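Peer 1: Chains as they are written, first to last, in the working numbering: chain A, 424 to 858; chain B, 424 to 858.
No wet-lab data here; the hints were simulated from the structure.
Treat the hints with care, since some could be wrong.
[As the list claims (entries may be wrong)] Stretches of chain A that chain B covers, calculated by requiring three or more beta carbons in the stretch to come under 8 angstroms of a beta carbon on chain B:
hint, stretch
1, 634-645
2, 659-673
3, 772-785
4, 795-803
5, 830-837
As the structure is a computational prediction, the values presented were derived from the model and not from experiment.
Every residue gets a Cβ at the ideal spot worked out from N, C-alpha and C, and that includes glycine.
2 protein chains.
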Amino acid sequence: MAVTEPTADLLQRAQALRQAAARLALLADGDRAAAVEAMAAGLERQRDRILAANQADMDAAAADGLGQALLARLRLDAGKLEGAIAAVRQVAALPDPVGQRLLHVELAEALRLERVSVPLGVLGVIFEARPDAVIQIASLAIRSGNGAMLKGGREATRSCRAIIDALRDGLAGTAVADDCLVLLTGREESLAMLRLDGLVDLIIPRGSNSFVRFIQDNTRIPVLGHADGICHLYVDARVNVAEAVEIAIDSKTDYPAACNAIETLLLHRDSARAFLAAALPVFADKGVELRGDAAACALGVARAASEDDWGAEYADRILAVKLVADMDEALAHIRRYGSRHTDVICSSDTAAGERFLASVDSAGVYHNCSSRFADGFRYGFGAEVGISTQTLPPRGPVGLEGLVTYRYRLRGDGQTVEAVTSGRIGFIHRQLPLA
Amino acid sequence: MAVTEPTADLLQRAQALRQAAARLALLADGDRAAAVEAMAAGLERQRDRILAANQADMDAAAADGLGQALLARLRLDAGKLEGAIAAVRQVAALPDPVGQRLLHVELAEALRLERVSVPLGVLGVIFEARPDAVIQIASLAIRSGNGAMLKGGREATRSCRAIIDALRDGLAGTAVADDCLVLLTGREESLAMLRLDGLVDLIIPRGSNSFVRFIQDNTRIPVLGHADGICHLYVDARVNVAEAVEIAIDSKTDYPAACNAIETLLLHRDSARAFLAAALPVFADKGVELRGDAAACALGVARAASEDDWGAEYADRILAVKLVADMDEALAHIRRYGSRHTDVICSSDTAAGERFLASVDSAGVYHNCSSRFADGFRYGFGAEVGISTQTLPPRGPVGLEGLVTYRYRLRGDGQTVEAVTSGRIGFIHRQLPLA
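Taking the hints into account, I'd like the entire structure generated from these sequences.
Peer 2: Structure below.
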């Protein structure tokens, strides 16, 4: 991949998009919700065109010899499209993230400060294959008052074009201008979007880990997402073994390719024998290959782990297993090898659970439940933009609230700082009601 | 300036700091507040040493021929130190930003999610001259449960060393390890801190605009701050001229070198004549040089502005003046040349004021008051880390809350996602009380 400088044409399109987004940001909640509903209707009207375009992309991709995994992600059949349209309607029904008053203070007599949530502006969305991601992100963007510039993989060009045409067709007649959704196609624009500092406010990459890392390394625009999902499950000394085995199996096998699946099992040496005795047959039954350190192998793990295993995101039915002397060793291992995504402790000792929850510096830290709960829908956010492993917010599963920022508004009747300095007016900093 | 790769020694120090910070993050509010109080006491005990060290830095800087502006910033006299110590005590007394529960939901029976504010981890502070910045940031860091790695300019080496020694001396006997404050000195470490991704969570630069921009351009770690402060004052068609003149004068002259001083005056053509008639003598009296477009010059502005003036941060008693046909033209000008810091409208038309507040995409947007109110103390935050012009939060003047992030904690009793999928348990997403 290469990042080129934006062409004059791209700059002009980005500026036009920014202006359209500025108008969108001023619309009322109802107008934005209705526009997202209309986008769903637009997709329904053009269902056949979209499916045909995707079939054409699939045929071309098969002829080009694309791998099965990529083909599976590229595929948009009637069922997937139906599900995507239903999700758009759910996004329309979500509570408005914009216009929330987060702070309200009277600084001095008749000088009132408020902090209000506002749209970010323009989202830059870059994805490999998966044309359904266009539908999801476009609806989240419009719902939250943001314009979106979307760039899909070359293999999905026909699908993306048909989807965007349908979404823009849906917007016709609503308060939202169809200029708020821009699709970049063609090689010439490449990844020049990454250079649109000041015109694009947030980059949302959707694709493989290496793809996301490449994006993070090649832009100054904030990136929402994560490269790695190296999640751990620590089985403490005092533990309900049957429950811990169930949680371990779910965390690994419910969907091994997911970022919130565990990659490493850390076993306290006092419970490791009992845990492995119960777990080994179940892992074998589920087709999970274990790779253990020497102590784990001595307890029946068949294959030896190498140093590389501790940092691997297998995204497959493989699990590294290591014995630890105590929780401190588990914490140190997670600090060293983890990706600050989601880490779990199984323990029947409440104090140990609380210590783990307080000590692990990941976006999600769980006690006695599966790592697979790390998900915006499961958290109750209604829709998910992605999961962020950055330290700064938004962090963890990010819903609509990750697509807004805030602004301070100050209303006065002529106040100057000189009047404060000279003592003619004084600060009072009185909290006012938010609602 | 050059950014070198971290040496093995720096990496080791950064890892040790990270571990010390992890322990600090677990301390209770009272322990952190007491530690900050003790830091103030440490500064008091070593007052004479600090002042002597600063005098030695000043003498060396004068001998090296440093400019007056830099010398003024380097200087730490008894009064400045007294003020800095009082500010440390104020930071100790601020409400705890850590451990606030921001979300609390029962996802399924006995499966409870909470979002809790936690320290960022380690702050990387890089500053030119100003040794008092060390005191301020170190106290904010410890109060919010963060470690800090500090790197001062070479000219302030003795001052910084004496200050850090005093702060660490203050920490002795408190619950906070003195390892939580690390001072980098010497050329060999240069700006290698910018490469400590994963070990440093936030970079806070303090210095000139070009210094901040260099930092922003040379690190993947998030940077809190802003390069430019190009603030505008728009005087609307319907306006209380006397009030608008007062606000303009205050916004420009209260402290011209501040980032929240205005650099450009946008005048609606219907009120420009009356405004300038009243304002020109006052600006002249205050020693402010005006640079106008042709229409402003026709109304008495003596000097013509060039294209460069619209994008200039003068940080001086100079103000660009431009006439606009309507608010749209003012908004377009701000969108094009502003730095999204703070912009002001003076208008006696409430609807116009609200339209400006809704339309300008800056961290602060004000109606009928001075741009100089953009400041953490004036906003009532008690202390200020800096002002951010980024789109994403934290934005605007940032208090202690900019030094924390959040983490999701999920507590269950054996829940798996498979149990949800198979219908054995169901999501309820019941909101629980925050307190």
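Peer 1: If a hint holds in the structure, say so; if it does not, say that too.
Peer 2: Each hint, compared with the structure:
Residue count for the stretch 634-645 of chain A with a Cβ under 8 angstroms from a Cβ of chain B: 4. That meets the three needed, and the coverage hint holds. For the stretch 659-673 of chain A, the stated coverage by chain B is satisfied: 6 residues place a CB nearer than 8 angstroms to a CB of that chain, which reaches the threshold of 3. Given a C-beta distance limit of less than 8 angstroms, the hint that chain B covers the stretch 772-785 of chain A holds, as 6 residues qualify and 3 suffice. With a cut-off of 8 angstroms between beta carbons, the stretch 795-803 of chain A has 6 residues touching chain B; three or more are needed, and the interface restraint holds.
For a cut-off of 8 angstroms, the count of residues in the stretch 830-837 of chain A with a CB near a CB of chain B stands at 8, and the three-residue condition holds.
Consistency note: the structure conflicts with none of the earlier hints.
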